[in-house]
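A.B. asks: Sequence:
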Amino acid sequence: MCFISAPNIFDIMNAKRILAYLSDIAANNNREWFHEHHDEFEVCHKDFLDGVGQLIERLAKFDSEIAAVKPEDCVYRFYRDVRFSPDKSPYKRHFGAYICSHGRKALRGGYYLHLQPGMCFFGIGCYWLPTNILTSVRNEIMGNIGEWRRVVENGKFINTFGYPNEGIFTEESRSEKGFGLAALKTCPKGFPKDYEFMKYLRMKDYLVWRALGDDFSVDGKWLDRLAEYAQTAKPMMDFVNCVVDDYE
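Heads up: the sequence shown begins at 0 in numbering that gives the first Met the number 0, then just goes up one per residue.
Keep in mind that the hints were calculated from the coordinates and are not lab data. Be a bit skeptical, because a hint or two may be false.
Said to hold, decoys possible - When the alpha-carbon atoms are kept at most 27 Å apart in a straight line, the in silico DSSO-like pairs for lysine-lysine are as follows: (1) LYS233 with LYS198; (2) LYS155 with LYS60; (3) LYS176 with LYS203; (4) LYS233 with LYS203; (5) LYS188 with LYS203; (6) LYS87 with LYS155; (7) LYS220 with LYS69; (8) LYS87 with LYS60; (9) LYS45 with LYS104; (10) LYS60 with LYS176; (11) LYS69 with LYS233; (12) LYS220 with LYS15; (13) LYS203 with LYS192; (14) LYS155 with LYS233; (15) LYS104 with LYS60; (16) LYS104 with LYS233; (17) LYS60 with LYS45; (18) LYS203 with LYS184; (19) LYS220 with LYS155; (20) LYS192 with LYS91; (21) LYS104 with LYS176; (22) LYS15 with LYS155; (23) LYS45 with LYS220; (24) LYS69 with LYS91; (25) LYS203 with LYS155; (26) LYS69 with LYS104; (27) LYS233 with LYS60; (28) LYS220 with LYS176; (29) LYS91 with LYS203; (30) LYS45 with LYS69; (31) LYS104 with LYS203; (32) LYS192 with LYS220; (33) LYS233 with LYS176; (34) LYS91 with LYS15; (35) LYS188 with LYS198; (36) LYS233 with LYS220; (37) LYS155 with LYS188; (38) LYS155 with LYS91; (39) LYS91 with LYS45; (40) LYS104 with LYS91.
Every value quoted in this text rests on a predicted model; they were computed, and no experiment measured them.
Produce the entire structure from the sequences given, and follow the hints as far as they go.
C.D. replies: Here you go:
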């Protein structure tokens with residue numbers, strides 16, 4: 000697949016400035032510091048919104064379902080809900096946006112951009128599906144294993160994302176790429192234990208991701224790279240979304 004180089008939008012989404020601000024808020028996570036530096040937050044927040052808008056426009060070239068999605072409906076609040084958390088820090092340490100035709104709170108698979116110093120990544124697919132939907136996805140995979148293998152075992156998909164649950168992405172250890180974040184240790188209840196492709200049924204989420212260095216936007220080609228990741232993963236996401244859509 001040939002991608003036309005996008006214009007350099009580094010001036011629109013200044014990731015370097017955003018990450019510098021996020022480093023500062025991580026070290027000064029209190030309301031007094033935040034309000035003293037609120038102008039910088041506003042600039043960085045707008046930069047991020049602009050970048051998400053450009054990403055939506057780029058992804059919509061092959062995913063028309065998100066063409067009408069607005070950046071402000073994708074970006075998560077920066078303020079933390081601390082009611083049930085032992086960590087009472089009032090602000091997040093990252094900027095995140097979930098681009099999905101059903102909204103950022105939807106179960107439906109979409110595209111997630113995460114900016115955090117040392118932890119930037121781009122994800123595609125479904126995360127934390129309820130057990131009943133996971134069961135339906137697993138049944139769909141078993142019933143259409145040939146189609147599933149076609150979309151997740153082709154060379155480009157494997158080269159881009161790897162095999163199920165081989166990648167690790169935590170603050171302590173980070174891989175470059177991954178297919179899934181967690182898996183059951185044993186066969187899911189109600190499924191045959193000797194199933195040949197059990198590795199796909201043990202998955203607890205159906206998403207892929209690529210780690211992004213903090214300098215990922217410097218060369219101005221980050222939109223092309225993220226679009227290529229997304230287009231490679233989209234057949235897998237579409238397969239799962241066909242099941243999720245029955246529940247939304």
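A.B. asks: Work down the list of hints and note, for each, if the structure agrees.
C.D. replies: Evaluation of the provided hints:
no. : hint               : result
1   : LYS233 with LYS198 : holds (20 Å)
2   : LYS155 with LYS60  : holds (20 Å)
3   : LYS176 with LYS203 : holds (17 Å)
4   : LYS233 with LYS203 : holds (19 Å)
5   : LYS188 with LYS203 : holds (13 Å)
6   : LYS87 with LYS155  : violated (43 Å)
7   : LYS220 with LYS69  : holds (22 Å)
8   : LYS87 with LYS60   : violated (41 Å)
9   : LYS45 with LYS104  : holds (21 Å)
10  : LYS60 with LYS176  : holds (24 Å)
11  : LYS69 with LYS233  : holds (20 Å)
12  : LYS220 with LYS15  : holds (15 Å)
13  : LYS203 with LYS192 : holds (16 Å)
14  : LYS155 with LYS233 : holds (12 Å)
15  : LYS104 with LYS60  : holds (23 Å)
16  : LYS104 with LYS233 : holds (19 Å)
17  : LYS60 with LYS45   : holds (23 Å)
18  : LYS203 with LYS184 : holds (10 Å)
19  : LYS220 with LYS155 : holds (20 Å)
20  : LYS192 with LYS91  : violated (42 Å)
21  : LYS104 with LYS176 : holds (24 Å)
22  : LYS15 with LYS155  : violated (30 Å)
23  : LYS45 with LYS220  : holds (20 Å)
24  : LYS69 with LYS91   : holds (22 Å)
25  : LYS203 with LYS155 : holds (23 Å)
26  : LYS69 with LYS104  : holds (14 Å)
27  : LYS233 with LYS60  : holds (13 Å)
28  : LYS220 with LYS176 : holds (19 Å)
29  : LYS91 with LYS203  : holds (26 Å)
30  : LYS45 with LYS69   : holds (13 Å)
31  : LYS104 with LYS203 : holds (18 Å)
32  : LYS192 with LYS220 : violated (45 Å)
33  : LYS233 with LYS176 : holds (16 Å)
34  : LYS91 with LYS15   : holds (18 Å)
35  : LYS188 with LYS198 : holds (14 Å)
36  : LYS233 with LYS220 : holds (20 Å)
37  : LYS155 with LYS188 : violated (32 Å)
38  : LYS155 with LYS91  : violated (35 Å)
39  : LYS91 with LYS45   : holds (16 Å)
40  : LYS104 with LYS91  : holds (18 Å)
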